[in-house]
Every structure is written in structure tokens, then in C-alpha cells.
Amino acid sequence: MFSKGVKYCFSQALLLMFLLHSERWQAQTIPDDNTVAIIRANYLYQFANNNDWPAEQKKGPFVVGIVGNSDVFDIMAAKYSSKPIGSQLLSVIMGNEVNTAQHVHVLFLDRSRKMDITRYVKEFKGKKTLIVTNWEGALAQGAHINFLSIDGSIRFEMNKAGMLESSITPGVKIVQWAIQ
Amino acid sequence: MGNTMKRSKYIASCLALVISIAGSSQPLALTNEAAKLCQQMKLDAALEMSNMALADKSEAADAYCWYVNGYVMKEIYKEREYGLRTSVFRDNAMKSFSYSMNLKNAEQHASMTRLAMKYLASTYYNDALQASQSNAVGAEQEAYRLFETFMKWMPMAEPGVSMMGYRKEFTKSIGQRYFSLWQLDTDKPEYRDKALEQYEKIVKLDSTEVDAYYNLSVIHYNQAVFMYRKINHETDMFDMMTIQEAAAKLIREKALPLMDKAYALAPEKGEVVHGKIILHRALDHEKDVEYFKQEIARLMREGKIKADSHK
Numbered sequence: 001m002f003s004k005g006v007k008y009c010f011s012q013a014l015l016l017m018f019l020l021h022s023e024r025w026q027a028q029t030i031p032d033d034n035t036v037a038i039i040r041a042n043y044l045y046q047f048a049n050n051n052d053w054p055a056e057q058k059k060g061p062f063v064v065g066i067v068g069n070s071d072v073f074d075i076m077a078a079k080y081s082s083k084p085i086g087s088q089l090l091s092v093i094m095g096n097e098v099n100t101a102q103h104v105h106v107l108f109l110d111r112s113r114k115m116d117i118t119r120y121v122k123e124f125k126g127k128k129t130l131i132v133t134n135w136e137g138a139l140a141q142g143a144h145i146n147f148l149s150i151d152g153s154i155r156f157e158m159n160k161a162g163m164l165e166s167s168i169t170p171g172v173k174i175v176q177w178a179i180q
Numbered sequence: 001m002g003n004t005m006k007r008s009k010y011i012a013s014c015l016a017l018v019i020s021i022a023g024s025s026q027p028l029a030l031t032n033e034a035a036k037l038c039q040q041m042k043l044d045a046a047l048e049m050s051n052m053a054l055a056d057k058s059e060a061a062d063a064y065c066w067y068v069n070g071y072v073m074k075e076i077y078k079e080r081e082y083g084l085r086t087s088v089f090r091d092n093a094m095k096s097f098s099y100s101m102n103l104k105n106a107e108q109h110a111s112m113t114r115l116a117m118k119y120l121a122s123t124y125y126n127d128a129l130q131a132s133q134s135n136a137v138g139a140e141q142e143a144y145r146l147f148e149t150f151m152k153w154m155p156m157a158e159p160g161v162s163m164m165g166y167r168k169e170f171t172k173s174i175g176q177r178y179f180s181l182w183q184l185d186t187d188k189p190e191y192r193d194k195a196l197e198q199y200e201k202i203v204k205l206d207s208t209e210v211d212a213y214y215n216l217s218v219i220h221y222n223q224a225v226f227m228y229r230k231i232n233h234e235t236d237m238f239d240m241m242t243i244q245e246a247a248a249k250l251i252r253e254k255a256l257p258l259m260d261k262a263y264a265l266a267p268e269k270g271e272v273v274h275g276k277i278i279l280h281r282a283l284d285h286e287k288d289v290e291y292f293k294q295e296i297a298r299l300m301r302e303g304k305i306k307a308d309s310h311k
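Quick note, the sequences are listed as chains A and B, same order. Counting in the numbering used here, the first sequence runs from 1 upward without gaps. Counting in the numbering used here, the second sequence runs from 1 upward without gaps.
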């Protein structure tokens, strides 16, 4: 009826060129932000702003020391470093820099270093340093404020008497929002 | 002037050829000649000859005549308009193939015709996916138009084919487009909601779609992260706690249950296990974080995932 040769060539050409496209499915990127560290860092800033230290501690930088949690340190440094705390500027120090050679207003001791709590409490006794922690039972070990996790939200409990003993006056907001 | 001369000569030679073919009374002579010209890649001449064949009642009644016409236009599309989403040659090629399939002797050429249709259908699909990734104005409508064209022709090209996989992939692609737009402007929740809508469509189509559950979870988690990121030195303590409550609720009640579904379906998929780590970390679930970190280490040790493939 018609040229078989032509028809044959057509079908061969079709077989060679056919290709159905299929794109590989890509998963969405999940952000790596440590959101708990974001909250803890903000709390530390709130503690700095809303508590009151004795007059002699209101000179020079307002020092926040972070021990055992680089994420909290990074966020503190990025978001809150050099921000004013009254007439002082906030300064963030990390790990080995945290010692009694300079005045540390707020010391955050992460649970990864909880075995060091006794040493830090002893070293900073009478130094008017607010000690903040994040594990159960830390207040009994000498911490002034301890973070708690409640349904994924970070809240805090406080040892008001311990703070007063360290000459730090808790602010109204801090007392108001602390878990009793 | 020169072009007109060439064209006149060309038409004259075509007419001479038509007359000689007609004189030889060979069946489908014009169609066969068009096919030969097409093989020689003389595509304009092939199309002209094929159109002449279609104008001939006896040839136009044969399915092969329409098949060749569609084939020539397909070749023109491939050579000159490949990637052009509005190609008229492609549309017309499909119409000719489709017409060919409805003629009385269609079965003689059905396999070749279907193969050609499948090829062109796949180009509509590719174009639909590409358009779905574009942020240009009107790209989404164009993507839907191309996809619907694909959906119209593909079952004819491959009878009985399941279209669900294609619909899922296209829907994912549209979802991915909205997700990207939302990432560019996180203050536009309409993009986020449209992305969610697409992935929800997918899990309705297929309740075992791990990637869709994963992406739904990631969208909710991202929404929470964008809230956390706004917390700074100007945020009042009460506001911070309000933001935190809302964000944690989103993670706890939306993101985590969806990631759990993905994990139940694919417990050894790196991205999903990593997702579990991130979500549990956001909820301060220390033990869970440790457990899934160990799972990642195990999967890497057993060669089930590569280092960094889970991120």
C-alpha cells in the first residue's frame, strides 16, 4: 500500500528520541536555628534588664558569661552584644573566659556542664553574680534562676531569697513570670 | 523579489510532483512523498506536501496521512520550537495524531502514533514542571494549562496509564514554588498557605507520601522559626513569652505529628530522622534528640545514609 521503508524508519526514529522527563523530588530545607537557644538568650537579656544590681556593679561593661552552650553564646553575641543595660553595654564571654578575674553579672551554666555547678557556686559566692541554669534540681544546688521546659515552652523558676542574698534585686516582671 | 522567484519555482516543482504522483495513481503518494521529505529533513517542503495530502479526500481518509502530518509538525517543533511552551506546531501535531487515531484504519498505525503522542505529551509535562518553578507573572496559569494538556493527551498516548504519579509530582512542584516564594517573603502567609494546600492535596491522593508529610511538617516548623527569629532586644518579656507559646504550640501540635507520620513511613530516611532531631530539640526533648542522633549515626554506620545526606 505504501513504502514499508519509510514507515520502518519513522518508527525507529521515534523509539530513539522518546524520553519521559521525571524530576527528582527535593525535600524542603529544614532551618537549623536552635530555637530553644534563641529563647534562653532572650531570657538572659531580660534578666539583665529587669533585675537590679548594686551600684558598684553598674560601672564598665555588663558581662554575661556562657558556659557549655555555644548556641546560646552565638545568639547572645549576635543579637544582644553591645546593647545597653541601663548605662552599661552588654558584653558576652564564653567558657574559659568566665572566671572571677572580672565581674560577671549573669552566668549561664548549661546542663552539659552541670557537674561544675558546685565549683561555680563556690567561686562566685559573694560576687553578686546571677547564676542561671537549665536542669531539674539546680536551684537546690545554688542556682538563682533555673530554666524549665513546659510543653516545649521555656519558662523559669527562681530562688528569690538566694538572689537577695547575692545582693541582686529581682525585678517585678521577673517575679511575676517566674513559676511559683 | 528573489525569494518570490524561488517560491514560484518551488510551488511549480511541487505541482509537477503532485501531477506526476497523481498520474502514477499510487495510493497515498502525496503522504509518502511528505514522509520522504521529512526523512531528508526538508521539513517545510514535507509540511507543504503533507497539507496537500490532507486536501486530497482519498488520502485524508487514511490514518497514515494524518500520522505523517502530525509527525512532520512534531519534527518542526523539535527542530525549531523545542522548549517553546506556546508552540503551535506541537499543538497541531497532537491534533493530527488524535484525528489519525479516530480514522477507520487507525489500528494499523496506532503503536507509532501513540509513541509520537507520548513523546509530545512528555514535553507538555516537562514544560508544565518548568513553568511551575518560575516566579514570572502568569507562570502558574501556564503550568496548569500545560499540565491539563498533558493530562488530556497522555491517556490517549498510553491507554490505561495511571496519572496519579504525574499529578502528585506536578502538585509537589507547585507546592515547592509557593514554598520558595514564601521563603523570599516570609511576611506573606498566602504563599505558605498555598504551599500547605498543595502538599495536603498530595496526602489526600496518597496517604503514604513521605515527602509530602515531611514538607508539611517543615512548613509549620518554618512558620514557628520565623516567629522565633523576630525576637530581639526590643521584644518585651511578655511578648517574647506569647510568641514562644504560639511557636511551640505550632511545633508540638502541627509540625511534630506530621514528622511522626513521615517517620512511621520511612524510619531510615535521613532527612526525616534529622527532622525529628530538629523538632525535638525545638521542644527541648533532650532524650529524643539523643535517640535520633544515635539513629543517624547508626544509619551512617550501616551505609543506609551518607554523611550530610540527612541535612
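Treat the hints with care, as some may be off.
DSSO-like, lysine-lysine: derived pairs with alpha carbons at most 30 Å apart [to be verified]:
1. Lys79(A) with Lys57(B)
2. Lys83(A) with Lys173(A)
3. Lys79(A) with Lys249(B)
Calculated from the structure, these hints are not laboratory results.
Here is what the structure says about each hint:
{"no.": "1", "hint": "Lys79(A) with Lys57(B)", "verdict": "violated (80 Å)"}
{"no.": "2", "hint": "Lys83(A) with Lys173(A)", "verdict": "holds (20 Å)"}
{"no.": "3", "hint": "Lys79(A) with Lys249(B)", "verdict": "holds (24 Å)"}
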